[in-house]
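Taken in order, these protein sequences are the chains called A and B. First residue of the first sequence? That's 1 in the numbering used here, and the numbers climb one at a time after it. First residue of the second sequence? That's 1 in the numbering used here, and the numbers climb one at a time after it.
Keep in mind the hints are simulated off the structure, nothing from the lab. The structure presented is a predicted model; accordingly, all values stated were derived computationally and were not measured. Do not take every clue at face value.
Once the Cα atoms are required to be at most 25 Å apart in a straight line, the calculated PhoX-like pairs of lysine-lysine come out as [claimed, not checked]: (1) A/Lys90 <-> B/Lys253; (2) A/Lys96 <-> B/Lys237; (3) B/Lys237 <-> A/Lys90; (4) B/Lys253 <-> A/Lys25.
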Amino acid sequence: MKKKVLIIDDEVAFTNVAKLTLEGKGNYEVCVENDPRQAIATARKFWPNIIILDVVMPELDGGEVHTQFRDDPVLKHIPVIYLTAIVRQKEVDEHKGMIGGSFYIAKPVSADDLINAIEGHARPMAGA
Amino acid sequence: MKSESQKLASGQDGFLLQNLLKNLPDHIYFKDRESRFILVNPAMAKIMGLRSAQAAIGKTDWDIFTEEHASAALADEQEILRTGNPMVGKDEKETWPDGSISWVTTTKLPLRDNKGEIVGTFGISRNITERKHAEEALKKAVEDLQLSRDQLKIAHQQLMQAERLETVGRMAAGIAHEVQNPLQILLMSLDYLSQSITVRDPVLDGVLGEMRSATKRADTIIRGLLDFSHSDDLELKAQDLNALVTNALALVKHDLNQNQINLQTELTPDLPLLALDGMKIEQVFVNVFTNACHAMPKGGTLTVKTFAERLAETRRDPGSREAGRFYAGDTVVIVDIEDTGSGIAPELLRKIFDPFFTTKTTGKGTGLGLAIVKRIIDLHCGIIEIKNRAEGGASCRLTFHSRCP
Chain A
1 MKKKVLIIDD EVAFTNVAKL TLEGKGNYEV CVENDPRQAI ATARKFWPNI
51 IILDVVMPEL DGGEVHTQFR DDPVLKHIPV IYLTAIVRQK EVDEHKGMIG
101 GSFYIAKPVS ADDLINAIEG HARPMAGA
Chain B
1 MKSESQKLAS GQDGFLLQNL LKNLPDHIYF KDRESRFILV NPAMAKIMGL
51 RSAQAAIGKT DWDIFTEEHA SAALADEQEI LRTGNPMVGK DEKETWPDGS
101 ISWVTTTKLP LRDNKGEIVG TFGISRNITE RKHAEEALKK AVEDLQLSRD
151 QLKIAHQQLM QAERLETVGR MAAGIAHEVQ NPLQILLMSL DYLSQSITVR
201 DPVLDGVLGE MRSATKRADT IIRGLLDFSH SDDLELKAQD LNALVTNALA
251 LVKHDLNQNQ INLQTELTPD LPLLALDGMK IEQVFVNVFT NACHAMPKGG
301 TLTVKTFAER LAETRRDPGS REAGRFYAGD TVVIVDIEDT GSGIAPELLR
351 KIFDPFFTTK TTGKGTGLGL AIVKRIIDLH CGIIEIKNRA EGGASCRLTF
401 HSRCP
């Protein structure tokens, strides 16, 4: 069974190539959402095993999106990894990937490192 | 028969002359061909220490001044007697037997009789001692002003450099974010292409490899920029500087071996513990050692010494941004790093701490290394000095206070 990955990032070119790359591995089903205001609705339709979330986005930043997920009684159980350019790789390494209670990956990340993060944190969910 | 002085003082002309001589504050004198005084005015008599002008008659400069001054005056008068040419407005230093010194400006002329024959000399000297002192004071003031201007220029350059560094730091975070998103797209696309191409084509593999290298290089530059902008965060703890040096040397061991560089260390034991951010200071050492290795691509010697010393004098000129860091009497710990490489072109030495300045070829260095190093050392209130060695190569001296948290 393929893991379901929801990528929320306003950068269309990135989400397109990330979807291609992950689905090309054969293990993942990827849904992308470029409008953070639609993130909750998209997640409720897709029910991902893991969410890859950008931080700096227009209209609504990743922190606010994450708060909405935490406030949702069901979505709050889906693990979230921030994938963002605003942290330094050094910071992520020093804190073993966790800063302020959240998991972080620093951009730019390779496909292998992104897959390692997904495999390390995604949780299986009962179908919904 | 009238004396020479009586001849001079007689008649209407004599009356006028007497008034002139009596009232002028300048020193006026008449001498014969043997440089003996034949007439002086009261002002001259006074500085000669004589009760009257009459008492000067027959005396010479040797009776009044030191030999040094008297000889010089005689030489001038002999020249006037020989050539008939006047000596006009010469500044003379008068040295007196009591050791005091005064300055006069003197004009001497040939004294001619009615037939035009030179029978002696006469002169007028004006005391310019105060003016001379004022000139010397002015000259000193100008020199002090020049020094202050040079110091101000240095301080201004340091301020500009600091502002440039601040600007780079502020811009770094914004630039990094904007650049790393496109870099992410490039990297992920390369990964996709690599996994999608099923036919092995060495040319294509090469191209993809070059693209990946270029992407990684851009990423390295951005990371360096971010490190630079974040180098203000210090975690100070009591650190053994020798341990940090040793760790850093271990990290560059590969470069040392690859370039066949001979390593010599003189690490003084039991140095005072220093309040340092260990990771950042190690980063400083690694950077400096790496630069030294790169300066010796075909071998050489890297020498690293550590020692403590008590400063005999304050280390920086006033007005410097680094003024006040180290005063006479402070105990400091010093790291000296020397290489036997090619050195640094003298005209480039003042730029080496500028962000993005590098002497390395494209792709071999971002030019941020020494800017970050200097930033880290500045944050530790230390001093870094890099210069060329007289015997070739370059040296880097790092100075730290010996205070401990």
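Status of each hint after checking the structure:
1. A/Lys90 <-> B/Lys253: holds (23 Å)
2. A/Lys96 <-> B/Lys237: With a Cα-Cα distance of about 22 Å, the restraint between A/Lys96 and B/Lys237 holds, given a limit of 25 Å.
3. B/Lys237 <-> A/Lys90: Within the cut-off at roughly 20 Å; holds.
4. B/Lys253 <-> A/Lys25: With a Cα-Cα distance of about 39 Å, the restraint between B/Lys253 and A/Lys25 is violated, given a limit of 25 Å.
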